[in-house]
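Peer 1: If you're matching them up, the sequences are chains A and B in order.
Quick note: the first sequence uses the working numbering, first residue 2, plus one each step.
Quick note: the second sequence uses the working numbering, first residue -14, plus one each step.
Hint data in this document are derived by calculation from the structure and do not stem from the laboratory.
Since this is a predicted model, take the numbers as computed values, not measurements.
All C-beta atoms in this analysis are idealised placements derived from N, C-alpha and C, irrespective of residue type, glycine included.
Some hints here could point you the wrong way.
[To be verified] Taking CB as the label site, the calculated pair distances span: (1) B/K407 / A/T23: 34 to 40 Å; (2) A/H118 / B/F365: 28 to 34 Å; (3) A/D81 / B/D336: 47 to 53 Å; (4) A/S193 / B/K414: 44 to 50 Å; (5) B/R425 / A/H118: 38 to 44 Å; (6) B/A343 / A/K63: 29 to 35 Å; (7) A/Q247 / B/G429: 30 to 36 Å; (8) B/Q169 / A/K196: 58 to 64 Å; (9) B/E80 / A/S193: 35 to 41 Å; (10) A/W122 / B/H345: 47 to 53 Å; (11) A/T237 / B/S444: 23 to 29 Å.
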Amino acid sequence: MEYLYDNTFDGLLTCLYEHVYTEHADSIISVRPDIQISLGRQMQVETDLEKSEKVAHAIETKISPAALRRAYNAWLTAEDGKEMDVLRYVFLGFKLGKDIDRLHGSETVRRIDVLNHKVSWEADRILGILRFSVIQSPQGEVLYAAIHPNCDLIQTVMPHFLNRFRQDPFIIHDVGREKAAFAAEGSWVIRSLPKDFSPQYTPDEQQYRELWRGYFKTAAIDQRRNPSLQKHFIPTRYWQYLTEMQ
Amino acid sequence: MQNFDAVMEKLKILTDAAKYDVSCSSSGSERRGQDGHLGSAAAMGICHSWTADGRCISLLKVLYTNKCVYDCEYCVNRRSNETPRAAFTPRELAELTMEFYRRNYIEGLFLSSAVDGSPDRTLEEICESLRMLREDLGFLGYIHAKIIPGADPAIVQRIGMLADRLSVNIELPSRESLAALAPQKKPDGILKPMRQITDTMEEQRSLTGAGNKYSKYRYRPKQLPENSRLMIGESAPRHGAYSTDQLVFRGAGKNLTLRQIDAKMAIKEERFAPAGQTTQLMVGASGENDAQILALSHALYKQFYMKRVYFSAYIPLMASPLLPAVGTSVPLTREHRLYQADWLMRFYGFDAGEILDASHPNLDLELDPKISWALRHPEFFPMEINRASPEEILRIPGIGTISAGRIVRQRRVAALTYDDLKRMGVVLKRAKYFITVGGRYYGGRVKEDELREHFILQSGGQQIDLFAQTDPRFLGQTNLQIE
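Okay, chain A solo, but in the shape it has when bound (with noise of 0.2 Å):
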């Protein structure tokens, strides 16, 4: 049987609770409208909350709060049938218990060990690379920073940068989700932003984004000039949205 969901996290979960109590799934995918139905048998899954806080329920207390963590972080990620590793790993998890953290030989866990380091990996360049302009509002200035990450991962640095932030209220945009994080005196909201938001700079931006160009640029060493390290650690895929980059 293969089952669709709405694509949230809840949606997956009701789709294990299915697993157990209609008919066992053999992939688990996201309804897009680029998918087109396919000839096997499919089934509609209506993501219902009351049975989706059971399974979380029973994956905090028969195997570890970690686990739903764990598994929820592998969701973030934009991988291919992630969904059915996030299956396997939790039915795996239900016999072990919570000895499954530490089988890192078993397939089914390392899956979910790789698809975990791509979301905290990527997180954690976000927080670094990730670049505020200050623009003009009718409230005053706000702080605006476009983004481009793999993983759907704005409400996982949220709690950084509020807690960073505590007076400029500020924007995150993920620019391939059309979503945006928005925040202002330590309360924030997520909600759709087009694709093709175009804000207001302050007329210092630019300056600030000149000396900041010319900073990195002589802060290089040309004896020690490496360049496929630089892109080691920052991937040409994000370079679009680095300020030092343009």
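Using the hints, position chain B against chain A.
Peer 2: This is chain B only, laid out in the frame that chain A set:
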């Protein structure tokens, strides 16, 4: 901005003059944001960009001024060098830092300086810039301040209360080369402020309770930040990839339980130089061998509780009869090997004397020091992976702290197979010659005396390749750092 051109000019001159200092990490301090302030500090440090030489930018690293009364042979800022000179004002510097920080370009400020007039006069200016940042502008980001040798203890104390990390650079790794190449700097002038910093940090830690001279600044976080236990262990990813009762490696074979780590976190918020002190040794400008350099850095870790001893490959920029000629190649591989050796001392339980001894005064440039050690000590190998202690496992080439942790964790619930090791991230093309798994040896028929050639071939014998595979942390540029 009215004085844009002037600031740009100064920024370029003073960045150019500061870039040869290696240290850039922003780790070791954990500080939450506060209302009315800007910024926070993250214990694991954050890198914000990487320049074309592959080094990270974490802090805005500039000199306060490059006007210098000293004439050290090796230095681009020496008095007799004809180069444009400039100096910031405290306000310019503080505002630039705030604006960069706000845009998330940087994690904080690394302020160093040439010696303008006298060490104390220069440090007064530095102190004023930092005070303005912290007190007038409410900056809570990371600050690393350089202390100039020969500084007055009073000013060191004041700067220490404003900065997260302090450093006094040794640069020349022996008294003789210091006397020859930097005659105006005295060994005592370097060691005294270092001693003072260490003593003050110890005093601060030993004083508890209300009313001591550091107490009004201390606070205990009400609630430990999530995943705080993971920030201590270099090996563990930050986003909760491991269960709570796991073993976290910190240093050689030492494992800390969660409770011990929490106890460490609770005293993290210190006022005087909470991120400790570091120093830098220059490699290749003077004639010391690697054994001397490692012995010195070992002593620095032991006696001064240094967080890091950085190595900086000397880049010949100054024509001098006492130094390698301008254009001589930069000893990057040697620097890299020294960092690897440094890692072995700090996280793998090796002593300086084990890595190098009288018969091997220099590190092997073709092989990393861990393999070199293993090849010199066949009596320890092969080790049975299912029985060896964590300390022993850390000595196997191809196994790092992360995979050693995985091996030890899995062993508690299930014996390891060879395929398990592959999935755990063990580099088997190196490790297989040094281990048995369940009693079986997988190294094939390569003879002991052929192994060296074999490994050199494997690494491609090329520097560029080595760097591509290098653990980024070895470059000394990283945020990941066990403190």
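Peer 1: Taking the hints in turn, state whether each one holds.
Peer 2: A quick look at each hint next to the structure:
1. B/K407 / A/T23: 34 to 40 Å: 37 Å, holds
2. A/H118 / B/F365: 28 to 34 Å: 31 Å, holds
3. A/D81 / B/D336: 47 to 53 Å: Given a distance of about 49 Å, which is inside 47 to 53 Å, the answer is holds.
4. A/S193 / B/K414: 44 to 50 Å: 49 Å Cβ-Cβ, so the 44 to 50 Å window holds.
5. B/R425 / A/H118: 38 to 44 Å: 30 Å, violated
6. B/A343 / A/K63: 29 to 35 Å: With Cβ atoms ~59 Å apart, the hint is violated.
7. A/Q247 / B/G429: 30 to 36 Å: Given a distance of about 52 Å, which is not inside 30 to 36 Å, the answer is violated.
8. B/Q169 / A/K196: 58 to 64 Å: 59 Å, holds
9. B/E80 / A/S193: 35 to 41 Å: 36 Å, holds
10. A/W122 / B/H345: 47 to 53 Å: At 37 Å between Cβs, range violated.
11. A/T237 / B/S444: 23 to 29 Å: 27 Å, holds
Violation of the numbered hints given earlier is confined to hints 5, 6, 7 and 10; the remaining hints are satisfied by the structure.
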